[in-house]
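Colleague: If you want the building blocks of each chain, they are given just below.
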Amino acid sequence: MVMEQILPEEIVYQRPEALADVNTHYCPGCTHGVAHRLIAEVIDEMGIRDRMVGVASVGCSVFAYNYFDFDWVQAPHGRAPAMATGIKRVLPDRFVVTYQGDGDMASIGMAEVVHAAARGENITVFFINNANYGMTGGQMAPTTLPGQRTTSSPSGRDVETAGYPIRAAELLATLEGASYVVRRSLHDPKNIRLAKKAIRTALEVQAQGLGFSMVEFLSTCPTNWGMTPVDALHWLEEHMIEYYPLGDFKVAPTVAQIRI
Amino acid sequence: MARELLKGNEAIAEAAIRAGLQAYFGYPITPQTELLEWMSKRMPELGRAFVQAESELAAINMVYGAACTGARVMTSSSSPGISLMMEGISYIIGTEVPAVLVDVMRGGPGLGNIAPAQSDYNQIVHGGGHGDYHLIVLAPASVQEAVDLTVLAFDLAEKYRTVAVVLLDGSLGQMMEPAELPPMRPVKTVYPEWAATGMMGKREKNILTSIYLNPPDEEQTNLRLLRRWQEVEANEIRFKEYFMDDARYVVVGFGSAGRVALSAVRAARAEGIPVGLLRPITLSPFPYAHIRKLAERVEGFLVVEMNAGQMLEDVRLAVSGQKPVEFYGRLGGVMPFPDEILAEIQRIASGGLTLEGHPRERWLQRMNGKN
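Sequences listed follow chains Y and C, in order. Residues 1 to 260, numbered by this note's numbering, are exactly what the first sequence covers, in order. Residues 1001 to 1371, numbered by this note's numbering, are exactly what the second sequence covers, in order.
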């Protein structure tokens, strides 16, 4: 076997330092990996890895702390914004982020995220919306689309009995304390680049003490959706964006000036 | 040392601040609200953190987050609020981070009332959250003791990386008494090695979690917690005794019930009844061994509580059927009067002791027509 030597100047793509050199448990085609990588790249670029404290949630991202290479704590279901508040109030010069799924943040943890935003808590929430409960096996989430089949809405979500999906970004954007609330998607390269810019802006908001920031990522769940990874990306693009439009829902005037 | 006239709730708040409290998170609930109100003024003026959370769930999880930095943190609440905090308490224990909790108990179950009771004994002493765990539980009977035990709670929570609870009833929270306050300690500037504070160029990453998917790992964690608990049991059992040298009967009561019982014991002594009082300070770890030893030399016990006999079961366990145990309780926010307890002592001293049946059954019969 011939070992090819790669010179440092030839390296154009490598693992970010903020991402640990370990395998993840995420299913093939799941976009958690994309979100992880983007967040790690931004942390490297900002040079803030040493000052990061992450709060992992309950759900598929419960082991996020294994995949990022900085300090982490693990929150009870939905309570990550409260834990982040506690950490940030003790250590205001650190970067405190939560990484939460839709079951975690938009269902059981709705109160915690709403009030963290209302307080203008200087933390950043990364919100992964894949329209179902991933880890528990694909049950209906507050974000499950009308008519979408899940293991607990086997005939498709019936809005008459199960109510309507919640648009978290739009909801949080109504709060005065929220400074930067946007929705991005991870289904194609263009949108992935836009998502990375939003992560950067959100962390800059925190760096400058401008208040609460949240980036919602539309994500895929090929396993529980019962699709191939490629079909899942198409399903996201065709169905999720219609209900969850991409865009900026709150950019406070102070944030507009520092926008990346 | 400053001697001040303060409400129990306020004295606990000031004691915690002087113990180096860096962050307080809480939610208003009667009868502990003065504690939160005191914090809302004092913490910001000292440049420390205060947040009035949106719920008890949020408050305990703010404590959990802040505790993960290794800082001195606390919350306080009352019975229904404590129920909501149980989830977070289990996580804090599972993650092995230190925190202090103050429970100013009221009448229950449900919304109950805001009158003083000791109805949370089982919930706090024998768990309430999920999983195998123990809390350190300290039960003051005066404002001074509440001050001293609050300071101790921080030291014990840190020493054993666990949750220490100051458990008192509403009357003590509302009562004004003079108390010596401790000297002011500054907040920490150096955080422990295990804490999640950002690596700050000094070490590898820390992960603070309570999930171990591999069952043997979870078992190891549980065993580690239990071995640490054995250390607590070996080193931290505290109680106070009154008139015990020649006592033939022992009244056992904690907190306010113990304090009222002391008046009754004094009155009984004045009548020549050889009765003493044991007042456990640590309800957990509980002084089982000491009570077992007492059972060898006394004729019987009377447990007095402001509940339906929750600590009673721990006393019975310690006595192990060696000697009769009687019970007298008032509950739902009714406080016992010294003469009611004196009547029970007189009844016992004049041959009212029996090993038959359960003390709660006999007590319930005697309660007919009392209220």
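What the hints contain is simulated information worked out from the structure, not anything from laboratory work. The beta carbon of each residue, even a glycine, is placed where N, CA and C say it ideally should be. A portion of the hints provided could be inaccurate.
[Said to hold, decoys possible] Beta-carbon label-pair distances, calculated as ranges:
id, chain 1, residue 1, chain 2, residue 2, range
1, Y, 226, C, 1193, 30 to 38 Å
2, C, 1184, Y, 50, 31 to 39 Å
3, Y, 17, C, 1030, 47 to 55 Å
4, C, 1202, Y, 13, 54 to 62 Å
5, Y, 50, C, 1046, 22 to 30 Å
Colleague: All hints are to be evaluated individually against the structure, with a verdict given for each.
Modeller: Here is how each hint holds up against the structure:
1. A C-beta distance of roughly 46 Å is found between residue 226/Y and residue 1193/C, which places it outside the suggested range of 30 to 38 Å.
2. Between residue 1184/C and residue 50/Y the beta carbon distance is about 32 Å. The supplied range of 31 to 39 Å therefore holds.
3. For the hinted restraint 47 to 55 Å between residue 17/Y and residue 1030/C, the CB-CB distance of approximately 51 Å keeps it satisfied.
4. Here the CB-CB span from residue 1202/C to residue 13/Y is close to 30 Å, at odds with the stated 54 to 62 Å.
5. Our hint of 22 to 30 Å for residue 50/Y and residue 1046/C holds, since their Cβ atoms are close to 28 Å apart.
Of the hints listed earlier, those the structure fails to meet are numbers 1 and 4, in rising order.
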